[in-house]
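Letter by letter, the chains look like this.
Number of protein chains: 2
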Amino acid sequence: MSFSYVSHLYCPKCERTYDVDHIHQPCECGSPLLVAYDLESMRQKVKRDVLREREANLWRYHELLPVKHPEHIVSLGEGMTPLVPMPRLGRKIGIEALYMKDEGVIPTGTFKARGAAVGVSKAKELGVKQLVMPTNGNAGAAWSLYAARAGIRATVVMPVDAPELTRKECAIAGAELYLVNGLISDAGQIVAKAIREYGWYDASTLKEPYRIEGKKTMGLEIAEQFSWRLPDVILYPTGGGVGLIGIYKAIKELQALGWVDGRMPRLVAVQAEHCAPIVKAWQEKKRESEFWPNAHTVAFGINVPKALGDFLVLEAVYETDGCAVAIGDEAILAEQRTVAELEGAFICPEGAAAFAAARKLRESGWIRDGETVVVLNTGTGLKYADLVQVAPPVLEPGDSLPMRE
Amino acid sequence: MSFSYVSHLYCPKCERTYDVDHIHQPCECGSPLLVAYDLESMRQKVKRDVLREREANLWRYHELLPVKHPEHIVSLGEGMTPLVPMPRLGRKIGIEALYMKDEGVIPTGTFKARGAAVGVSKAKELGVKQLVMPTNGNAGAAWSLYAARAGIRATVVMPVDAPELTRKECAIAGAELYLVNGLISDAGQIVAKAIREYGWYDASTLKEPYRIEGKKTMGLEIAEQFSWRLPDVILYPTGGGVGLIGIYKAIKELQALGWVDGRMPRLVAVQAEHCAPIVKAWQEKKRESEFWPNAHTVAFGINVPKALGDFLVLEAVYETDGCAVAIGDEAILAEQRTVAELEGAFICPEGAAAFAAARKLRESGWIRDGETVVVLNTGTGLKYADLVQVAPPVLEPGDSLPMRE
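Sequence order for the protein chains is U and P.
Quick note: the first sequence, position 234, residue 234 per the working numbering, numbers continuous.
Quick note: the second sequence, position 112, residue 112 per the working numbering, numbers continuous.
Keep in mind the hints are simulated off the structure, nothing from the lab.
Possibly wrong hints are sitting among the right ones.
One copy or any two copies: either way a pair holds, since identical chains are not told apart in the list.
Simulated crosslink set (DSS-like; lysine-lysine; CA at most 30 Å straight-line) [claimed, not checked]:
(1) Lys45 to Lys129
(2) Lys47 to Lys286
(3) Lys45 to Lys92
(4) Lys129 to Lys252
(5) Lys92 to Lys68
(6) Lys129 to Lys92
(7) Lys360 to Lys193
(8) Lys252 to Lys286
(9) Lys285 to Lys45
(10) Lys207 to Lys68
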């Protein structure tokens, strides 16, 4: 039995292949590269029962991850996040079997930790000493912290408007942090120049092939947590869409291994009304999205006007008979409050968008009676404290509390 | 096999006993009550192997928890937090086998979730409809969220100086939140009056006996994660000290069950220099602490001038040949940065105090060569963002990054 059954990299557009022992950034044709495994060999040698006594983190799936040698693993114990039943909210919106996969319960507080853990580990295995990336915040924070743990130097460029808390995470990790008076695309251009000039490792989304593998583990965990019987629908807040691409890839790999029964879940890409390029492309039955001008939403993590992997997201939605839904900012904030009041979970606005989408799809009948539905909450609400406004009454010592009716 | 082997409540001071099917707040003598289990019966009927295939959360230990019926469990998937090796920091401070138990990776972002999960579940089992508590912030946030999930109404009173983020957590959960222009002791008096007048359930620290049982699971997990071979030293940032009392209780219960080998770990109570009542009492070989005037520290969670359970904390320290150590605020903040830079973990200042204490005790020789040491990080640094100041350079679109040497 091998530690990893990783085999090679391949281009989903032009079908070129590359090895996994050297640094390869996007394909020569410009497309992101994906990681292939020798699933036939793994199917014969590895049974899913091996998982039973392994630790509750994402490295329990090491055969399906790209790191070849365990000593290169850079881990803070990330993964196997809770799959939380949401019975009170479920009854309210008519979905009896409603679950939240809670990615707030992970180092750094968002699902970006998965991509960073696997991406940084593989970078370490490839001998990387310095990486650089543009970010809207949370990914930069996660990569800065995991790079620090790996002893890899990190340089991060983020828009001045990105959440201030994520700056602090980059800085305390010792990353070299720059702000840019512009958008993430401006940060991307500055980063691209440094890569050309200095030869640094490009850790931009989908420019390195390994973070998808980290995100993929959300799909592996959902399958295992449901005892390998797949749910009917998975809703995912979609910015770059790497998680959705990853979940789709994960389930296809599990099917090839014969580890799961039943139909592929219908995958739903959830976006914000004022940044909905994937939704528009899906409505128009297109295979790629167009740049969305003047994008804005309170759910900063899905404020991505044009994703490099848009064609992979749309493929996953089409192939699974899924759909794409846009939610307005007001409905997002209302749903965030409802989830906290009914279920005690302080979720991020991106996760709230996905719950609002579940509500909407149930109302329209797209989610059917009796279906099992999983909503991805991609991070903790603690990272978006500015969205919650409070003005509690101030008492003086010795005051009395009023009786409640 | 029973779901829970809980037997009764007892007073550690006057030895009175009480049942666990009705509400009992402190003992008639004023002391906190503790929960007893029928360990002899459990020893005969339950083997530790039952744990192997249970889910990775604290309810895996349900036989050692006070909730009698599984339908009363109120859970967000809390517990089985990562036990993270800290090799780079360990080498630097001369402790090769250094580990962090990371309580930042839990719903609500702090270890308070454990006490709230078990405390609220038992309150639900006892039929509580309305609870009230004073808080310095994080406990109030956790109890508000778990109470919301349970459908129990919560009223919370916190000082105006408590971290603003925790107000938002209480509010979004729908708790009735009040600030008080004073200290947590002033909040406590307001709460006490409401309890007398309205008969609400008192969820103040150690006024209800069940949160200790939640905190206890940190000790159960540490034992299991070390494959039931106990570490030599556990360092714990100590405010109210409920976690330290809980860890001590947990290991004694595991010893009575015959589940663990070896010596009881030496327990270290870590405090801040300007709020060190337990350290002072320990230095003076006393069994109780005195109120610490003008207490202040950046580590707000351990800013407790006089703990109701101080005699239990000191007992745990004496009985395990442990010690008590105070750390200054500057050393706390420096350690927080070092842990992030070397290990990629953004920890809270309380956790940083405990790492600084490990460093100090190794320098003094109290921690010996080759010993296995566990530091409790009680929460994520994300909850204390104000402590990190950054002023990154701001670039314009099209600018270049400087080369690094």
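Structure-based check of all given hints:
Taking CA atoms no more than 30 Å apart as the test, Lys45 paired with Lys129 passes in neither setting, with 35 Å inside one copy and 54 Å between copies. In this homomeric assembly, Lys47 and Lys286 never come within 30 Å of each other (Cα to Cα): the closest approach is 39 Å inside a single copy and 58 Å across copies. Proximity of Lys45 and Lys92 under a CA criterion of 30 Å is satisfied in neither setting, with 46 Å inside one chain copy and 42 Å between copies. Taking the closest pair of Cα atoms, Lys129 and Lys252 never come within 30 Å of each other, the shortest separation being 34 Å inside a single copy and 47 Å across copies.
Taking the shortest alpha-carbon separations for Lys92 and Lys68, only the inter-copy value of 28 Å comes in at or below 30 Å, while the best intra-copy value is 47 Å. Proximity of Lys129 to Lys92 under the C-alpha cut-off of 30 Å is restricted to the inter-copy arrangement: shortest distance 21 Å between copies versus 51 Å within a copy. Taking CA atoms no more than 30 Å apart as the test, Lys360 paired with Lys193 passes in neither setting, with 44 Å inside one copy and 46 Å between copies. Taking the closest pair of Cα atoms, Lys252 and Lys286 come within 30 Å of each other only inside a single copy of the chain (23 Å); across copies the shortest separation is 64 Å, beyond that limit.
In this homomeric assembly, Lys285 and Lys45 never come within 30 Å of each other (Cα to Cα): the closest approach is 41 Å inside a single copy and 61 Å across copies. Taking the shortest Cα distances, Lys207 and Lys68 sit within 30 Å of each other inside one copy (20 Å), while across copies they are farther apart (53 Å).
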